[in-house]
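> Protein sequences, first through last, are from chains B and V.
Sequential numbering from 1 applies to the first sequence in the working numbering.
Sequential numbering from 1 applies to the second sequence in the working numbering.
Please keep in mind that the hints were generated in silico from the structure rather than gathered at the bench.
Keep in mind the model is a prediction, meaning the values are calculated, not measured.
Cβ atoms here follow ideal geometry from the backbone N, Cα and C, with glycine treated the same way.
Check the hints yourself; a few may be wrong.
[Claimed, not checked] Derived BS3-like pairs: lysine-lysine, alpha-carbon spacing no greater than 27 Å straight-line:
1. V:254 <-> B:228
2. B:254 <-> V:228
3. B:106 <-> B:82
[To be verified] Heads up, incomplete: computed chain B residues facing chain V, CB under 7 Å, no partners named:
4. 157
5. 175
6. 231
7. 232
8. 247
9. 249
10. 285
11. 332
12. 334
2 protein chains.
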Amino acid sequence: MELNGLKVAVVGATGAVGNLMVKVLEERAFPVSRLTLLASARSIGKTLGFHGSEIAVEELVEDSFEGIQLALFSAGGGISKKFAPIAARAGAVVIDNSNAWRMDPKVPLVVPEVNPDAALSHSGIIANPNCSTIQMVVALKPIYDAVGIRRIVVTTFQAVSGTGKRAIEELRAQVLDVMQGREAVRQIYPHQIAFNCFPHIGPFLENGFSEEEMKMVNETRKVFEDAKIRICATTVRIPVIYGHSESINIETEKPVSPEEVRRLLDAAPGVRVIDDLSNAGYPVPLSAAGTDDTLVGRIRIDPSVENGLAMWVVADNIRKGAATNAVQIAELLLSRGRL
Amino acid sequence: MELNGLKVAVVGATGAVGNLMVKVLEERAFPVSRLTLLASARSIGKTLGFHGSEIAVEELVEDSFEGIQLALFSAGGGISKKFAPIAARAGAVVIDNSNAWRMDPKVPLVVPEVNPDAALSHSGIIANPNCSTIQMVVALKPIYDAVGIRRIVVTTFQAVSGTGKRAIEELRAQVLDVMQGREAVRQIYPHQIAFNCFPHIGPFLENGFSEEEMKMVNETRKVFEDAKIRICATTVRIPVIYGHSESINIETEKPVSPEEVRRLLDAAPGVRVIDDLSNAGYPVPLSAAGTDDTLVGRIRIDPSVENGLAMWVVADNIRKGAATNAVQIAELLLSRGRL
Chain B
1 MELNGLKVAV VGATGAVGNL MVKVLEERAF PVSRLTLLAS ARSIGKTLGF HGSEIAVEEL
61 VEDSFEGIQL ALFSAGGGIS KKFAPIAARA GAVVIDNSNA WRMDPKVPLV VPEVNPDAAL
121 SHSGIIANPN CSTIQMVVAL KPIYDAVGIR RIVVTTFQAV SGTGKRAIEE LRAQVLDVMQ
181 GREAVRQIYP HQIAFNCFPH IGPFLENGFS EEEMKMVNET RKVFEDAKIR ICATTVRIPV
241 IYGHSESINI ETEKPVSPEE VRRLLDAAPG VRVIDDLSNA GYPVPLSAAG TDDTLVGRIR
301 IDPSVENGLA MWVVADNIRK GAATNAVQIA ELLLSRGRL
Chain V
1 MELNGLKVAV VGATGAVGNL MVKVLEERAF PVSRLTLLAS ARSIGKTLGF HGSEIAVEEL
61 VEDSFEGIQL ALFSAGGGIS KKFAPIAARA GAVVIDNSNA WRMDPKVPLV VPEVNPDAAL
121 SHSGIIANPN CSTIQMVVAL KPIYDAVGIR RIVVTTFQAV SGTGKRAIEE LRAQVLDVMQ
181 GREAVRQIYP HQIAFNCFPH IGPFLENGFS EEEMKMVNET RKVFEDAKIR ICATTVRIPV
241 IYGHSESINI ETEKPVSPEE VRRLLDAAPG VRVIDDLSNA GYPVPLSAAG TDDTLVGRIR
301 IDPSVENGLA MWVVADNIRK GAATNAVQIA ELLLSRGRL
C-alpha cells in the first residue's frame with residue numbers, strides 16, 4: 001500500500017455509476033494521490049468534485065493510463081473490451097463493471113464478502129458482477145456455506161438507474177406526461193416504464209431467457225465456484241429509481257430455520273436483516289437507496305418443497321450493485337498488499 | 001332466464017370494483033330489468049350512469065334486497081359477512097367479491113373458465129376468488145388439465161387499484177410530491193408506494209406469509225379441487241395503477257414443451273398468449289388494463305428442475321380479477337338456467 005495514495009482513473013466518470021464511483025472513493029476515504037476522470041470526447045468540459053476540488057474530465061484515449069495504478073471502468077462493454085487490456089498493460093489493476101470480462105476464465109469475478117480470495121489471482125483485470133447477482137450472492141453466501149443450496153428461483157424488481165441516467169430521466173418525464181394527461185414518450189425502453197413494468201432486461205436469448213436472467217445464473221455459479229447450483233431467474237424492470245428488490249426461493253441441502261438464517265445473516269459482512277413483520281419491517285428500495293448494505297427480510301419457510309426457504313433481498317443497485325462493490329474490491333487488494 | 005332481465009343489486013357501488021361492476025354489466029349487455037345501487041349512507045346523493053340513465057345510490061339496509069334476484073357484492077368483508085346471508089334469504093343469488101366467504105366449505109369459489117360446475121351447487125352465495133388467484137388459475141388450468149402441476153412458485157407485482165380508489169389517489173399524490181421535491185404523504189400504505197415497492201399485501205400471519213400470499217395458496221387449492229398442490233407465493237405492491245403481473249414457476253407432472261403450452265393456452269377460454277420475444281412481445285400491465293383476458297408470455301423451460309416451466313401472467317386486477325369475473329359467474333348461471 002502506498003501511504004500517499006494511488007493514482008486512480010475512473011473510466012466513464014460522467015455516467016450514473018462512474019459518477020458514484022468518484023463519490024464512493026471520497027466517502028470511503030480511499031487513498032487517492034491523483035484522480036483521473038476519463039470519458040468520451042462528448043464529456044470534455046465537464047468537471048466532478050472530489051475532496052473539495054473540481055477535476056476536469058479528460059478524453060479516454062490509448063495513452064490515458066500511463067502511471068495509473070488502479071482503473072475503475074464503467075463505460076459499457078465495448079469500451080471495457082478495448083481499453084481494459086490497454087490499462088492493464090500500462091500497469092494498472094482494472095476493476096471492470098461491464099459485462100465484457102465477467103465470464104472470461106482468466107478474469108476473477110469478485111464480491112468481497114463472498115469470494116475475496118479470487119481477486120488475488122487476477123492478471124490485470126477483475127470483474128464486478130452484475131448488480132442483480134451481487135446482492136443475491138451477498139445474501140445467500142452465508143446460507144450456502146452453512147447448509148448448502150441446491151436450487152434458486154429468483155424474480156427481480158429492478159430500478160431504472162441500472163440502465164443509466166437517461167433511463168432515470170425517461171421515467172421522470174413519462175410520469176409527468178401521464179400525470180398531465182399526455183402520451184408518454186418512449187426512447188430508452190421498449191415499453192412505457194411509468195406506472196408499468198416489463199420482464200425484459202437485456203436482449204432475449206434462444207432459450208427464452210433474457211441476458212440479465214442468464215447473468216444471474218452464470219455469474220452466481222462462477223462466484224460460488226459451483227457449476228452445479230441450479231438457478232432460474234425472471235428479471236423485471238419496475239418504475240423505481242434506485243434499489244433492486246429480489247423475491248428469492250431456495251432449496252437448501254440441509255434443513256435450516258428462519259431463526260438460524262437470521263442469525264447467520266446478522267453475523268455476515270455487508271448484510272443487514274430487517275425482518276420485523278409486526279411493524280411492517282422489511283427492506284424496500286427507498287430504504288436501501290444510498291446505503292452500501294444488502295438488506296434481507298421476509299425470511300420464512302417455503303413449505304412447498306423439502307428444505308425450502310423464501311426471502312426478500314434489496315440493495316442499492318448502483319452502490320453495492322456497482323460502484324461500492326468495485327471500490328470494495330480495490331480496498332480488498334490494498335488490505336492484502338496487492339495494490 | 002327472465003327475458004326481460006333480472007333485478008340486480010350492486011353492493012358497494014361507489015367503490016373502484018363496484019363502479020366497474022356496473023360498467024361491466026352494461027358493456028356485456030347483461031339482462032337487467034332494474035339496477036339497485038347500494039352503498040353506505042356516506043354515498044347518498046351520488047348517482048352512476050347505466051345504459052344512459054342516472055341511477056341514485058341508496059343506503060344499504062337489511063330491507064334492501066326485497067325482490068332482488070342477483071346481488072353483486074364488493075363492499076369489504078364485514079359488509080359481506082353481514083348482508084350476503086340477508087340477501088340470500090331474500091331470494092337473491094349473491095356473488096361476493098370479498099374475502100368473507102371464499103373458504104367456507106358451503107360456498108363455491110368460482111372462476112368460470114376453470115371450475116364452472118362448482119357454481120351450480122351454491123346455497124345462495126358464490127365467492128369470487130382474490131384477484132391474484134383468478135389470473136393465475138386461468139393461466140394454469142389448461143396446463144394442469146393436460147400434464148398436471150405439482151408445485152407453483154409465484155411472485156406478484158400488484159397494482160394499487162387492488163387496494164381501492166384512495167390508494168390510486170395516494171400513488172398519484174405521492175408521485176407529484178416526489179416530482180416537486182416534497183415529502184410524500186402516507187395514509188393508506190405502510191411505506192411510500194411512489195417509486196418504491198413492498199412485499200406486504202394484507203396482514204402478516206404466524207407462518208411469515210401475508211394474508212394475500214395464503215389466499216393464493218388456499219384459493220388455488222379450492223378452485224382446482226386439489227388439496228395437495230404445493231404453492232409458495234410472495235405478493236408485492238408496485239407503483240402501477242391497473243394490472244397485476246405474476247412471475248410463475250411451475251413443476252408439471254409430465255413434461256411439456258413451451259410450444260405445447262402456447263397451443264394449450266391459445267385454445268383456452270379467457271387466455272391470450274403474447275409471446276414474441278423478438279418484438280418485445282409479452283404482456284405488461286398497461287396492455288392488460290381495460291381488457292378482460294388473462295395475458296400470458298415469457299413461456300420457457302425452467303431448466304433448474306425436472307419438468308420446470310416459467311411464465312409471466314398479467315391481467316386487469318379489477319376486471320378479470322374482480323368485476324368481470326363476478327359478472328361472468330352471473331352469465332354462467334343464466335346460461336345454465338340457474339338465474
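> Against this structure, judge whether each hint is valid.
These are the hints, each one checked on the structure:
Note on residue 254 (chain V) and residue 228 (chain B): the hinted pairing holds, with a Cα-Cα distance of about 24 Å set against a maximum of 27 Å. Taking the CA atoms of residue 254 (chain B) and residue 228 (chain V), the gap is about 24 Å. The hint holds against a cut of 27 Å. Distance restraint check for residue 106 (chain B) and residue 82 (chain B): the Cα-Cα separation of roughly 16 Å lies within the 27 Å cut-off, and the hinted pair is therefore satisfied. Taking 7 Å as the C-beta cut-off, the interface hint given for residue 157 (chain B) holds, the closest approach to chain V being about 5 Å.
Because the closest C-beta pair between residue 175 (chain B) and chain V is about 6 Å apart, less than 7 Å, the hint holds. With its C-beta approaching chain V no nearer than about 6 Å, residue 231 (chain B) sits inside the 7 Å limit, and its interface hint holds. The closest approach between the C-beta of residue 232 (chain B) and any C-beta of chain V is roughly 4 Å, which is under the 7 Å cut-off, so the hint is satisfied. Contact between residue 247 (chain B) and chain V, as hinted, is supported at the beta carbon level, the nearest pair being about 4 Å apart and thus within 7 Å.
For the restraint placing residue 249 (chain B) at the interface with chain V, the shortest Cβ-Cβ distance is roughly 5 Å, inside the 7 Å limit, so the hint holds. The beta carbon of residue 285 (chain B) comes within 5 Å of a beta carbon in chain V, closer than 7 Å, and the hint placing it at the interface holds. For residue 332 (chain B), the shortest C-beta to C-beta distance to chain V is roughly 31 Å, which exceeds 7 Å, and the interface hint is violated. Hint status for residue 334 (chain B): violated, given a least beta-carbon distance of 36 Å to chain V, over 7 Å.
Taken one by one, the earlier hints fail for this structure at numbers 11 and 12, listed in ascending order.
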